[in-house]
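From first to last, the protein sequence lines are chains C and D. Sequential numbering from 1 applies to the first sequence in my numbering. Sequential numbering from 540 applies to the second sequence in my numbering.
These aren't lab readings, by the way, just hints derived from the structure by calculation. As the structure is a prediction and not an experimental result, all values here were calculated from the model. All clues stand as given, with none of them false.
Just so you have them, the derived chain D footprint on chain C, three or more residues with Cβ under 8 angstroms: (1) 38-48; (2) 118-125; (3) 189-196; (4) 522-535.
Sample of chain C residues facing chain D (criterion: CB under 10 angstroms; computed from the structure): (5) L29; (6) D30; (7) L31; (8) M32; (9) P33; (10) S52; (11) C56; (12) D58; (13) G63; (14) Y64; (15) N128.
Even for Gly, the Cβ is constructed at its ideal location relative to N, Cα and C.
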Amino acid sequence: MKRNKLFQIAGIGLITSALFFASCNEEVLDLMPKDTVGYEDAFNTPAMCELSMVGCYDAAQSGYYPGNNQRRGYPFGAASIEQGDMRGEDMLNVQAFFAITYGSTYGTSSPNGQAHWECTYQMINKINICIEGFQLAASKNILTAEQAKAYEAEAKFLRALGYHELLIHFARPYADTPGATHPGVPLNLVPINSIEKVEAAKSAGRASVKQVYDQILLDLDYAEANLPATRTSKALSISRATKGAAIGLKARVYQHIGDQPKVISESAKIVNASGESPIGGYKLTTEPSGPFTANNNNTESMFSIENSELDNATVNGSLSQFYTSVRSLVCISPIIFNEKQWLATDKRRTQLVAYSNAYSARHLYWVDKYKAREKMSDWTPILRYAEVLLTYAEAEARVNGKTQLAVDLLNKVRNRSVTAAADQFTLASFTTADDLIKAILMERRIELVGEGRRWADIHRLAKDPKFFVAGNPGVSGVPAKVATGNVAANSWNAASGVVDAAILKIAPYDYADKRYVFPLPDSETATNPKLKEQQNPGW
Amino acid sequence: MRKLTFLLALLFVGVSVVLAQTTYSGKVVSAEDGEPIVGATVMVKGTTTGTITNVNGNFTIALPGNNRTLVITYVGMKSMEVQATQNMVVRLEADTEVLDEVLVVAYGTTTKQSFTGAAVTVKGEKLSKGETSNITKSLEGAIAGVQISSSTGQPGSSAAIRIRGLGSVSASQSPLIVVDGVPYEGSLNTIAPQDIETLNVLKDAAANSMYGARGSNGVILITTKKGVKGETKVSLDARFGLNSRAVPAYNVITDPGDYYEMSYEAIRNSYVSGGVGYLEASKMTANTLISDHLGYNIFANIADDQLIDPITGNLNPNATTRKWNDSWLTDPFRNGVKQEYNLSVQGGNDKTSAYMSAFYLSDQGYVVNSDFSRLGARVKIDQTVNDKIKLGMNVAYAKTTSNSPIASEGDLTFSNIFNFSMNAAPIYPIYKYDLATGAPIRDANGVQMYDFGSGNFANGASISNTRAYAGEQNPMYKLSYDSNETINDNISSRVYGEIQLFKDLKLTLNGAYDVFNTVITDYTNPLQGDGKTYGGIGYKTSQRYEALNLNQLLNYNKKFGLHDVSVLVGHESKSDNIWFLEGSKMNFYNPYNPEFSNAGATSGLTSYTAGYRLEGYLSRAEYNYNDKYYVSASFRRDASSKFAPAVRWGNFWSVGGSWRIKDLRLRASYGTQGNDGIPGTTLYMDQYTMTSDGTNVSPTLSYRGAPDLTWEKSNNFNVGIDLSLMERISLVADFFVKETKDMIYQKPLPPSKGTPTWIWDNQIDMKNTGFEIELGVDLIKTR
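Just chain C, same shape as in the assembly (with noise of 0.2 angstroms):
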């Protein structure tokens, strides 16, 4: 009996301190996930900065394309680049890849258009989280100030080129109205990373251009005032943003503001006589190809986005797939092909335009900048020197005229290619200043043909009184395009100066077009009741 009672108290004892033991431990719930860090173990050492910084860059080389979570170049992998060129008409569409952009056929679901709003904010969420990581980074002594200074640089470097891409596409130029009060796109510039702070954003709407424009100039100063002028390797140098990339992009934008003392004075800092820039060393290469055959090891390249064999826009993306007889979807149009300042003799008809039949037996003209084919490892290029050339000498003809400083600046670029003494420019060869610029202009879809960057002159020259591109004669607009299916054998005649016009079978719209900016996708304006309100009109 008595062993009885000490065995009940003994029992009780065991289960009330089982039950306790139990009660106390709560820390058992608190799992932590062993694949996934949180995001102060994102930053927690120098080497976790780095690899988020690098993050960076694979998100702006790409993102997830909506639907099928490939990943297909958007933003600046290849699809600012594709997208750029088939807005304009410099690039023509051969199959139905491209064909929405191409004809300007697109709505508020068009994948690409989707694409490129998402992947690029994707980026600029993930450079938010960056820039308070490497902040707060600074704040628990794992970086030096310095440290933390020139990852911040680089994170706001990509991010302003991430603003300026959307700007181009979702909202209308600079000039549309004075001050640029017109609406731009959201501006985030926090990391996105609590409910709170999406519903906030949320009721924030868009931005003016202005207000985008000049966030962008602050995130490009800061660059260039924190950022490295060279790195350890050729290749850092260009895939990395450096001083001289930012003030190259400060360039650009100035010049799609249309502040052109601006734009000379930041080409002054990176352009001298001597050929040979002050900051960062950048030169054009011997040859109009060096940029291409060396694209990770050149002197022009000023910023490009690296791929490689294992990690690029993939097989439904790449440039080397999309612009040559490996998938033959975009090839040069004979607009810019027959064109007269694009002489039969200019190297760049040799060294980068390839003539291929491969596709249907067709007779079609690609470009041969991307040269990787199946391999798809061309670095995407983003800036080249010789563009910071000839922005410089537009802004300096508009500036101080018909210049011999604005010509030597045009004929750095075009002399490389046009080799033979009488067909290069003089100050002679211009009557006016007007006609210089025109120049410069076409030496621009010439030199930066397949690059990407004609949508973008179409959109900032828009409300140009002068350099305007038409569409409609006489009217600022989107041109005519060349559709596939008429072009033959004899469409093509090298500088002839001649387009035959029974070709030009996509129409040309103009400005006031609603189809001259990108919609809001469906996908934002479903879940964002205030940008559905601030669709563009007409969308």
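Dock chain D against chain C, hints included.
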């Protein structure tokens, strides 16, 4: 009621009249209310002499000799032996033992009588009659308020179980499955139906709230068989059967001639509507029907352009002999053989009882190459150590193997054999033939090739005719050469100890550790079809899931006169972990070998581990007065590792009552349960996953933390009646209102705010209301 059973009683007893020596009169009444009992049997002990009571409960009996012992029996009452006296009044007590079925409930058992909630019991025998390899399918139509839906006829697959409607949008809608007192995370196809004693479905708050955080979708309690005292019982259950397609295909064109005529008409009409003259269109269509449109001419000795007469639109009357007789509608289907064997040994003595079984099932589906098999054993031992301590264990192992080709409802790919066979015209063969001669075309090994709709031959020469449907696809080929095999090892072990601490206080400790290992091989061959462009593509998945569950329960039971009280308090903790590894490779060398050692390029490789923890404190009190009035209340407090510390604890409770008026019982209950059944761990934290650029990885925001995210709560109200009439008719009727509050869903976010473009949020409310009526009538009753 008693009057009505008068006739019934006649079935039970033979009445014999004996010469009276001494005659006694008396009356039989109910001890409960003093009402007379009509039709009670009054027998003289040890004889066949007896009588039954009349409408007033009275009887008269003549006793032979000295035997004055009477045995009085009545259905539903305890039998009584009494010594006969004149004008005796016999009071029969209700036989509550018989009336009160034991009911398995949360953390214990109760009697059906004192249970205030809504629950239904299905006996094991009924489940094993279902002849399915997964007991979920045996539940179809078995229980009011429980919907069973299967989306595939794949043998062994689980049907979806929904109790009282859909309880959630994004979180789990499935009931909690509890096997022998512990939540079970495996598939029910691992349990042999023959091993099941009972399956209970708990439907309302009074029944479910004790499972707190996981009870909102209802609970299914499965109790496996255990040893019973007595002679050892050995049983062998062997079954053999055939599976065939029960629902035939829709009415589609099955005759090639009809198909040619219809196609001819359709194509001609399209020419006509395109502006071609009628006669011209007719001729054009007849001439090009095969060469430009359909590609295949199934009829022998008829030229391609002679199949249809352009004047009449009819099939050439000489088109009678077919070049091939393949049929997409019937050939992919077969009569699958099902075999099942279950050997069980059940026995025990005063101290020990044991149940052991070994089982094997092989279940071929009616789609070629679909099957399921189950092989395993179960041992359950209960040991009484002394009058204070009882121990037991229950261990089961089952290996399940299934081969499951794509054949599910709603899958509209060409790989789905159902979709394809419904849509392929009757002119198209499964195998490859010379389209002119109908001679089978064989590969280098002499095996007949499959028809992929292209690369055809006529008289041995290559021709450009192609199948007008599903180019480069042949799901029969996929069925034969691709594999999708899932092998599971399921180990389920449970131990318990019961300690009678005091006379009325019992402690129960339960521990359960289940492990499920899964290996999946999914292989698409490189020879033809989908895998061709990749050189074959194979996926291998390996997963280990372990679930540890411990609970400690204190039970207090006490009777004070007519008062009956029982109280339960306890604690439960759950700890689950998962290890996952998946890889895929392409470029296979030997097309028939899906192993990675046989493949070139790695196309994917990932692994992860994850966990889940649950802590709960539970309590329940039950009280009844005189077996007439019952009340119960329960309270449980649970914390889930999925939610943030501030919101992870949830309180779940219920109250219930019932009132028994003879054969009528009224029940009502109200309470709350929760649901945390959404995927993922630590849902309150922002999470970054690593994305690789081929060499380096960098963190990407992959999950938006929802710090306020908490339980879905479901409030349940239930009223019901149980009624039994004449021992033959039973009625159970329930009315319920189930309101789910703060349901979790993926709230979409604007893409301009970056990815992910959604966040979990508690936002939706839902209400399910319903009636459930179960009416049972025993038409033939022989006892």
